[in-house]
Structure formats: structure tokens, C-alpha cells
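Visitor: Working from the sequences, and respecting the hints, build out all of it.
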Amino acid sequence: MVFIKDAKKEFLDQIINKRVLVFVHLDVDALCSWKILQHLLHCEHILYSVIPINSKQALEDAYNQHKQVANNIILINCGATLDLVEILQPPEETIFYLIDSLRPLEVRNVYNGIQIKIIVLQNELGIEQKLVPEYEDIFDEEEENDEENEEEEDGDENLDEEEPERNRSKRKRFDPEYLEKMHAKREWESKRSKILFEYYKYTYHRCSSSLVLFDLAWKSAKDNNDLLWWSIIGLTEQLINCKIDRDIYTRYVVELNSHVLRHNHRPAVNALGTSNTNPAPDDVSINCLKISHLDDLNMVLLRHWSILESIYHSIDLACLFKMWTNKGKKKLNEFLADLGLPLNECKQKFAYMDSSFKNDFKMLVASENIKEKYRYDENFIYLSTFIASFGYTNKLTAFDMAYAVEALMENVDGEKNLSDKFIEALNCLNRENLKALECGIETAKNHLKKIYQQIQNFIDMNQIVASGPFLQVFLEEGSNENPFFSQIFTSKKLARFALQSYLALTKGKKVRNMPLIVCIPLNESNTLIAGVPPYRATNNTENCFGLAFDEAAEKTKSRVNFSYFDTSIIEINNEDKSKFLDALVAVMQ
Amino acid sequence: MDNEEVEFIAENELITIIPNFQYKTFYLIGGDIGPFEPSVPTQVPLWLAVHFRQRQKCRIECPSWISVEKLEEIMNNEKSSELFTQMPNAHYMEITNVLLNCAPQDIPRADEVKTLIKDIWDLRIAKLRSSMNEFIKSESLHAKVNNLTLLEINTVRNLLTKTLKELHNLKQHVPVTDE
Numbered sequence: 001m002v003f004i005k006d007a008k009k010e011f012l013d014q015i016i017n018k019r020v021l022v023f024v025h026l027d028v029d030a031l032c033s034w035k036i037l038q039h040l041l042h043c044e045h046i047l048y049s050v051i052p053i054n055s056k057q058a059l060e061d062a063y064n065q066h067k068q069v070a071n072n073i074i075l076i077n078c079g080a081t082l083d084l085v086e087i088l089q090p091p092e093e094t095i096f097y098l099i100d101s102l103r104p105l106e107v108r109n110v111y112n113g114i115q116i117k118i119i120v121l122q123n124e125l126g127i128e129q130k131l132v133p134e135y136e137d138i139f140d141e142e143e144e145n146d147e148e149n150e151e152e153e154d155g156d157e158n159l160d161e162e163e164p165e166r167n168r169s170k171r172k173r174f175d176p177e178y179l180e181k182m183h184a185k186r187e188w189e190s191k192r193s194k195i196l197f198e199y200y201k202y203t204y205h206r207c208s209s210s211l212v213l214f215d216l217a218w219k220s221a222k223d224n225n226d227l228l229w230w231s232i233i234g235l236t237e238q239l240i241n242c243k244i245d246r247d248i249y250t251r252y253v254v255e256l257n258s259h260v261l262r263h264n265h266r267p268a269v270n271a272l273g274t275s276n277t278n279p280a281p282d283d284v285s286i287n288c289l290k291i292s293h294l295d296d297l298n299m300v301l302l303r304h305w306s307i308l309e310s311i312y313h314s315i316d317l318a319c320l321f322k323m324w325t326n327k328g329k330k331k332l333n334e335f336l337a338d339l340g341l342p343l344n345e346c347k348q349k350f351a352y353m354d355s356s357f358k359n360d361f362k363m364l365v366a367s368e369n370i371k372e373k374y375r376y377d378e379n380f381i382y383l384s385t386f387i388a389s390f391g392y393t394n395k396l397t398a399f400d401m402a403y404a405v406e407a408l409m410e411n412v413d414g415e416k417n418l419s420d421k422f423i424e425a426l427n428c429l430n431r432e433n434l435k436a437l438e439c440g441i442e443t444a445k446n447h448l449k450k451i452y453q454q455i456q457n458f459i460d461m462n463q464i465v466a467s468g469p470f471l472q473v474f475l476e477e478g479s480n481e482n483p484f485f486s487q488i489f490t491s492k493k494l495a496r497f498a499l500q501s502y503l504a505l506t507k508g509k510k511v512r513n514m515p516l517i518v519c520i521p522l523n524e525s526n527t528l529i530a531g532v533p534p535y536r537a538t539n540n541t542e543n544c545f546g547l548a549f550d551e552a553a554e555k556t557k558s559r560v561n562f563s564y565f566d567t568s569i570i571e572i573n574n575e576d577k578s579k580f581l582d583a584l585v586a587v588m589q
Numbered sequence: 001m002d003n004e005e006v007e008f009i010a011e012n013e014l015i016t017i018i019p020n021f022q023y024k025t026f027y028l029i030g031g032d033i034g035p036f037e038p039s040v041p042t043q044v045p046l047w048l049a050v051h052f053r054q055r056q057k058c059r060i061e062c063p064s065w066i067s068v069e070k071l072e073e074i075m076n077n078e079k080s081s082e083l084f085t086q087m088p089n090a091h092y093m094e095i096t097n098v099l100l101n102c103a104p105q106d107i108p109r110a111d112e113v114k115t116l117i118k119d120i121w122d123l124r125i126a127k128l129r130s131s132m133n134e135f136i137k138s139e140s141l142h143a144k145v146n147n148l149t150l151l152e153i154n155t156v157r158n159l160l161t162k163t164l165k166e167l168h169n170l171k172q173h174v175p176v177t178d179e
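Protein sequence lines correspond, in order, to chains A and B.
In terms of the UniProt record's numbering, the first sequence has 292 at position 292, counting the first letter as 1, and numbering is strictly consecutive.
In terms of the UniProt record's numbering, the second sequence has 108 at position 108, counting the first letter as 1, and numbering is strictly consecutive.
No lab work stands behind these hints, which were simulated from the structure alone.
As the structure is a prediction and not an experimental result, all values here were calculated from the model.
Even for Gly, the Cβ is constructed at its ideal location relative to N, Cα and C.
One should not assume that every hint holds.
Unchecked claim - Straight-line C-alpha distance at most 25 angstroms; calculated DSS-like pairs for lysine-lysine:
#	chain 1	residue 1	chain 2	residue 2
1	A	K18	B	K57
2	A	K555	A	K191
3	B	K24	A	K8
4	A	K9	B	K24
5	B	K24	A	K18
6	A	K395	B	K114
7	B	K57	A	K219
8	A	K201	A	K56
9	A	K9	B	K165
10	A	K18	A	K8
11	B	K57	A	K290
12	A	K290	B	K114
13	B	K114	A	K219
14	A	K130	A	K191
Said to hold, decoys possible - Here are the simulated distance ranges between beta carbons:
#	chain 1	residue 1	chain 2	residue 2	range
15	A	E124	B	S39	29 to 39 angstroms
16	B	N20	A	A337	34 to 44 angstroms
17	A	D295	B	E69	33 to 43 angstroms
18	A	T250	B	Y27	53 to 63 angstroms
19	A	H265	B	V156	41 to 51 angstroms
20	B	R129	A	D295	48 to 58 angstroms
21	A	H265	B	G30	31 to 41 angstroms
22	B	Q22	A	L364	51 to 61 angstroms
23	A	E438	B	I18	48 to 58 angstroms
24	B	E69	A	W218	27 to 37 angstroms
25	A	A351	B	V156	41 to 51 angstroms
Guide: Quick look at the structure:
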């Protein structure tokens with residue numbers, strides 16, 4: 001096992017005074033992790049180069065281009081699922097440090113031991129180890145040695161005649177001991193393939209990388225509020241993109257809350273609570289970042305939008321009201337009327353709303369009769385998160401930040417390459433940079449609107465159809481929005497929202513357990529296919545499409561490109577598409 | 001000389017830090033620094049304190065005069081006095097500025113401190129301006145001011161010297177044209 005037991009000693013202390021090369025995947029969690037790591041590197045005066053990447057090919061190219069720079073390579077949210085030594089062919093002195101939330105880990109990485117070191121959350125070390133198959137079950141040292149020996153022998157014998165070789169094999173064939181050994185080996189092999197199949201069956205995510213790095217910062221006594229805020233944003237992104245489910249999210253929130261309380265400790269106003277005429281003045285400067293825990297409403301970008309629009313674009317609420325139908329729109333109006341909110345108030349920005357309505361709103365949505373009438377519970381309408389404030393600006397929730405940063409990365413307007421997006425998104429994470437943040441939030445709104453519109457189209461045209469064991473939906477060719485929807489996270493978001501809205505509008509038990517794939521034409525020759533697991537309130541994170549895509553592609557010999565680290569998104573040649581989908585139906589059944 | 005240079009000079013002032021690491025004494029041209037023991041207060045120049053603080057290797061112990069009570073007292077003195085009063089530190093403005101930027105969390109009631117320092121500064125600069133005005137109008141040849149800090153002198157230096165020079169020029173020329 002090469003899970004690092006003590007991240008400070010075995011990782012941070014190892015790279016001091018050395019140059020490191022960091023590859024960062026283009027997602028919010030990776031960016032937050034990078035910000036935390038960057039702080040640690042600054043603290044230790046470590047020289048670094050950082051390269052953003054978004055696909056397997058990009059990793060390979062960037063590695064080959066820059067491998068002379070450094071022998072210590074850190075990969076954030078990329079590569080742990082690939083056989084790195086095989087793909088990158090690194091020289092012996094190169095060491096890879098992997099921090100990745102994507103699972104399952106490639107077993108060869110886990111058991112490499114020398115060149116590849118995997119960093120996971122220290123107190124989850126045991127669980128992580130249990131997830132990976134035992135070494136003896138998947139690697140046969142004897143066999144490997146044998147093969148090597150045989151190869152050597154072969155090499156020698158090639159020069160001689162073939163006679164002795166044949167003799168030897170004959171001798172072997174009738175030796176009972178040898179036969180028994182072969183039998184055992186065959187059994188072991190079938191067991192091995194079974195274990196590996198079970199292991200690689202689902203792709204899923206575990207603890208966010210930013211949390212792993214925050215843990216490291218904390219243990220090296222280098223943590224502060226900024227780092228904590230980034231790790232919160234990283235965790236939030238995992239929930240937004242359904243990388244982890246609500247239960248796990250809540251567990252981490254509780255864990256982070258203890259850090260929040262530690263860093264944002266305020267002396268009690270008055271120990272006894274007896275009324276002191278003037279409350280203790282806030283000791284900490286207004287310019288410091290302050291974080292506090294909050295049970296916020298489950299509505300997207302509420303603080304930057306109007307209530308009406310926020311409800312429209314929150315997928316959970318939109319599904320509750322079945323917002324894509326006329327009846328649904330009426331029902332929403334009824335809901336707002338029941339809350340006693342005038343429509344014109346709901347249409348203006350939440351921040352400018354009459355404060356009396358604003359204050360009541362949060363309480364009212366959770367009142368008993370409303371909850372009963374609209375059939376939801378507290379867990380549905382409230383979402384536990386953190387809120388940050390600094391300076392004299394608006395307060396920000398972790399969700400706002402995560403949406404804004406992701407929008408900047410998934411933005412396709414304008415000619416921006418990977419590094420531009422990377423820098424822009426990093427800027428947005430700097431709290432001094434309010435302009436970038438505002439721009440990010442506006443972009444996020446636009447993106448949500450586009451997705452909403454697309455879902456409306458799907459539903460109006462009945463485009464979501466069941467095909468065997470899964471649902472599928474096709475985007476039209478030549479639409480202007482296709483480049484936007486083909487972004488990694490947007491494509492998945494679209495698929496998830498489509499699935500959820502379809503379930504909200506369709507009765508019948510059969511469809512409840514169906515996954516969904518969305519096909520987005522990229523250009524004349526290629527189509528992007530993204531698959532999401534069946535929608536469930538909990539535990540909806542294990543994705544089985546990776547293996548299914550792989551199998552279907554193999555069966556039909558389709559030209560499929562698994563270009564992303566997430567194997568549930570593939571690019572396929574248009575000519576092979578229909579036979580691939582047919583094969584997929586067969587595989588999934 | 002500009003303000004950055006004044007700040008640079010101020011960064012040589014000693015300040016107390018509480019390190020969280022261990023290191024032997026090191027010898028610089030300006031003097032020996034250290035040794036560092038975890039949670040044993042040590043005096044270091046401000047620039048080094050900032051450097052350590054940014055890398056989270058220490059906590060800065062706020063100088064005793066950076067406190068709301070003390071600064072209020074100083075401000076009241078300054079208000080009531082005709083002359084410039086003595087400041088707790090010759091670089092009071094620069095030091096608080098640097099500290100507020102780099103470690104606001106180490107300063108208790110940082111916002112109030114910031115306002116107070118700015119108030120004191122404004123008071124003194126206003127005093128300086130009015131006395132300059134008087135000085136020039138009275139056409140005296142020299143004046144003596146005590147207790148000004150380097151930064152304060154620096155803010156008026158350009159203006160004052162140039163003004164005096166121009167006045168001098170004018171005075172030299174006026175009688176000639178008259179005759």
C-alpha cells in the first residue's frame with residue numbers, strides 16, 4: 001500500500017527545497033486544493049510550476065513537454081485512475097504524489113510503492129485501504145518472476161535449436177504437480193478477474209481533495225480562515241455535481257464546522273448572558289474573513305437573484321412544482337401567495353427586497369402548514385452550508401462561490417484557452433477580487449438559464465425516451481449551445497436535471513431506477529455521450545457507465561475516445577453511434 | 001525620499017513575535033536575531049516579523065501602544081495641546097499600517113485602532129499645515145518644531161521647500177522690477 005500515512009512527513013517534508021511540478025484538473029475542487037497547496041508551498045519556499053489540464057491527452061502532452069523541469073510531480077484530481085507508470089513512462093527518480101477524489105484508484109498505482117504515492121484523508125486511511133483489493137489477490141509475484149525468467153530463457157534459447165524447448169513443455173504437460181499448479185492458477189485467475197470487475201464496476205468520488213489538503217495544512221499548523229474557506233468551497237462543489245451525496249456532505253460539514261468554530265472563535269458576549277447594555281465589540285477587523293455555519297435555503301444564488309428566478313432554476317424546487325408545465329407555474333404563484341409574498345417583491349432582486357418579507361421568508365417556508373401542503377420536509381428546503389463575510393460587501397455562501405467559479409471554467413463565450421480560464425477562476429477564488437466574482441455569478445446565472453431552457457425543450461418535445469434499461473436524450477445537431485453543453489460538468493448537470501425533471505413528470509415505478517445518457521453532437525464527426533446514475537435521494541453517486549461504455553465499445557469496435565478522467569463521459573464517432581447505443585442496451589441488460 | 005522608503009526604514013523597528021518553530025540565532029549586519037524557541041517571545045525587525053507571519057511561523061505580539069485606550073489618550077493629548085506631542089513610536093503610522101495589512105487578526109479591535117491612528121494622523125497633519133501657513137505668513141527665517149515623525153516631515157517636505165524657494169525667488173525679483 002502506498003497510501004501516505006503521515007502527509008506532512010512523507011509528502012510536504014519530502015519536497016522541501018526541491019522543485020515541484022503540479023498538474024491541476026480543471027474543476028472547482030481541484031482549484032481550491034491548488035490554492036491551499038500553493039499557500040503551503042509559499043510557506044515552505046518551494047519553487048513550483050503549475051499546469052491546468054482537463055483531459056488524459058492533455059496530461060500526457062503536458063507531462064512530456066515539462067518533465068525535465070522537476071522530478072517531484074503532484075497531480076490534483078487527475079490521474080489516480082490511470083496507470084501512470086505505463087502511460088507516462090517516467091524515469092526512475094520521478095515521484096508522483098496523487099491527490100484525487102475519483103475512485104476506484106488504479107490498483108497498479110496503489111501497489112506501486114516507489115514512484116507513486118497517494119495522499120488520502122488520514123482518518124479515512126483504513127476505509128480507503130479496505131476498498132482496494134488485497135495485493136495477493138490481484139498480483140502473482142511468482143508468475144511475474146516466472147515470466148521474466150522465461151523471457152530471459154527464451155532470449156537465450158532463440159539462438160539454439162527449438163528442440164530443448166519442446167522437450168521441456170512436454171515434460172511439463174504430464175507432470176501432475178504441474179497440472180495441479182495450473183489448475184490452481186486458473187482458479188486464482190477467475191477469482192482475480194471477478195475481484196477486479198467488482199472493484200472497477202462503479203466510478204464514484206470520495207473525500208474532496210481540498211479537504212485532504214486542508215487536513216495537511218492543519219496538521220502542519222499552517223491553516224487559516226482562507227484555507228478553510230477554500231476547502232469548504234471544494235466540498236460544496238462535490239455536492240453540486242453530485243460527486244457525494246447529502247449524508248456524506250453533512251458529515252463533512254459537521255467536521256468542517258469544528259474548524260470553523262476554532263478559527264472564528266468570538267469571546268462570549270457575556271458569560272452569564274445577563275444583559276450588558278452594549279454587546280462586546282467585535283474584536284476582529286472587518287477586513288478579516290469570517291465564516292459561520294448556516295442552514296440556508298435550498299435555492300441557487302438566492303442572494304444574487306430574485307426569489308422567483310432562484311426557485312425556477314433550483315432543480316429540486318423546480319421538480320417539486322413541475323415548473324415546466326402551466327399548472328406548475330400556477331402552483332408556484334400559489335405557493336408564494338401562501339407565503340404572503342407579493343409577486344412584484346418576488347420579481348426583484350432578493351437583496352433589494354423589503355426587509356420584513358426577506359426576514360420572514362426563511363421562517364415561512366418551513367412552517368408546518370406550508371410543508372404539509374406542498375409535501376416537503378425541512379431537509380428538502382434547508383441546506384446546511386457556510387457563509388462568509390469580509391469588508392463591507394454582501395455575504396457569500398459557499399454555494400455562490402462554487403457556482404461562480406465553475407461557471408467561469410465552463411464558460412465557452414469568447415476565445416479563451418485552458419490557462420485563461422484557470423487564471424480567471426483562480427482570481428475569482430481570491431476574496432479581494434470582487435469583480436471576477438460578480439462576473440462569475442452572472443455567468444452562472446446565464447448557464448442555469450440555458451440549462452433550464454434546454455430542459456423545457458426536452459419536455460415540450462418529449463425528447464427524453466426510455467431505451468431498454470436506460471433513458472436517453474439527444475441534443476439537436478448544429479445548435480449554437482452545443483459547445484456549451486459539451487463541457488464536462490455542464491453535460492452531466494444537464495443529464496442529471498433532465499433525469500430529475502423526467503421523473504417528476506412521469507409516473508410509473510419502472511423509470512425510477514433508470515439511469516440516463518445524454519448525447520451532444522460536438523462537430524460533424526463526433527458526439528459526446530454523458531451518463532448519470534439513477535436518481536435517488538441518497539446514495540446516487542455510483543456511476544456504472546464507465547465499464548458499460550467500455551464493454552459496448554469493445555463489442556462493436558466503435559471508435560470511442562475516453563478522453564476525460566471521468567469515464568462516464570466519452571466521445572464517439574458519429575458513424576458508430578447507433579451500433580454503440582444498441583450494444584449499450586445489451587450490455588446494460 | 002518617498003513614502004515607500006520611509007516605510008522601508010520603519011521596517012527595521014524591533015517588534016515582539018511569538019514563534020512556533022525552533023531555530024538557532026542568526027547573525028545579520030544589523031544585529032543578531034534569535035534564537036527562536038516555540039512560544040518564547042523574541043524581538044525581531046518588523047520586516048522579518050511580516051515574513052514569518054505570512055508563512056504562519058509566528059504570532060505578532062501587538063506593541064503596547066497599539067491599543068484603543070492608549071491611542072485615545074494620545075489623541076486627547078494631541079487635541080488639547082498647542083504643540084506636537086510625542087508619539088509612542090517614531091514610526092507609529094508605518095508600523096500600524098504594516099501590521100494592519102499583514103496581521104489584522106493579531107491586533108485587538110483592529111478597526112478602531114485603524115480609525116484612531118488615522119484620526120491622530122489627521123490632527124497632526126492639520127496642525128502642521130496651519131503652523132506652516134503661519135510660518136510663511138509671518139515671514140520668519142526659522143522655526144523649530146519638536147516631535148514630528150519622519151513620515152510627517154516627508155509629506156510636507158516637497159511642498160514646503162518648494163514654496164519657500166518660490167517665495168524667495170519672488171522676493172528677490174520684486175524689488176528689481178520696482179526700481
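Visitor: For every hint, state whether the structure bears it out.
Guide: Structure-based check of all given hints:
Straight-line distance between C-alpha atoms of K18(A) and K57(B) comes to about 20 angstroms, which keeps the hinted pair within the 25 angstroms bound. Distance restraint check for K555(A) and K191(A): the Cα-Cα separation of roughly 23 angstroms lies within the 25 angstroms cut-off, and the hinted pair is therefore satisfied. With a C-alpha separation of about 23 angstroms, the suggested pair K24(B) and K8(A) falls inside the 25 angstroms cut-off, and the hint holds. Under the criterion of a C-alpha separation no larger than 25 angstroms, the hint pairing K9(A) with K24(B) is consistent with the structure, at around 22 angstroms.
Among the hinted pairs, K24(B) with K18(A) is consistent with the structure: their alpha-carbon atoms are about 23 angstroms apart, no more than 25 angstroms. Between the alpha carbons of K395(A) and K114(B) the distance comes to roughly 23 angstroms, so the proposed pair stays at or under 25 angstroms and holds. Only pairs whose Cα atoms come within 25 angstroms are accepted, and K57(B) paired with K219(A) is accepted, the gap being roughly 14 angstroms. As the CA atoms of K201(A) and K56(A) are separated by approximately 20 angstroms, the hinted pair is consistent with the 25 angstroms bound.
For the proposed pair K9(A) and K165(B), the alpha carbon gap of about 66 angstroms is over 25 angstroms, so the pair is violated. A threshold of 25 angstroms between alpha carbons decides the hint, and for K18(A) with K8(A) the separation of about 15 angstroms falls inside it, so the pair holds. Simply put, K57(B) and K290(A) have alpha-carbon atoms about 22 angstroms apart, close enough for the 25 angstroms limit, and the pair holds. Distance restraint check for K290(A) and K114(B): the Cα-Cα separation of roughly 19 angstroms lies within the 25 angstroms cut-off, and the hinted pair is therefore satisfied.
This hinted pair does not check out: K114(B) and K219(A) have alpha carbons roughly 33 angstroms apart, beyond 25 angstroms. Among the hinted pairs, K130(A) with K191(A) is consistent with the structure: their alpha-carbon atoms are about 18 angstroms apart, no more than 25 angstroms. About 32 angstroms separates the C-beta atoms of E124(A) and S39(B), a value consistent with the hinted range of 29 to 39 angstroms. At about 59 angstroms, the beta-carbon gap between N20(B) and A337(A) misses the expected band of 34 to 44 angstroms.
Hint check: D295(A) to E69(B), Cβ distance near 39 angstroms, so the stated range 33 to 43 angstroms holds. For the pair T250(A) and Y27(B), the supplied restraint of 53 to 63 angstroms holds, since their beta-carbon distance comes to about 54 angstroms. The given range of 41 to 51 angstroms is respected by H265(A) and V156(B), whose C-beta atoms sit roughly 44 angstroms from each other. As the Cβ distance of R129(B) to D295(A) is approximately 54 angstroms, the hint placing it in 48 to 58 angstroms holds.
Between H265(A) and G30(B) the Cβ separation comes to about 37 angstroms, which falls inside the hinted range of 31 to 41 angstroms. For the pair Q22(B) and L364(A), the beta carbons lie near 58 angstroms from each other, so the given range of 51 to 61 angstroms is met. Taken as a hint, the range 48 to 58 angstroms is violated for the pair E438(A) and I18(B), whose Cβ atoms sit roughly 39 angstroms apart. Judged by the Cβ atoms, the range 27 to 37 angstroms given for E69(B) and W218(A) holds: they are separated by roughly 35 angstroms.
The hinted range of 41 to 51 angstroms is satisfied by A351(A) and V156(B), whose Cβ atoms lie roughly 44 angstroms apart.
Checked against the numbered hints given earlier, the structure breaks hints 9, 13, 16, 23 and satisfies all the rest.
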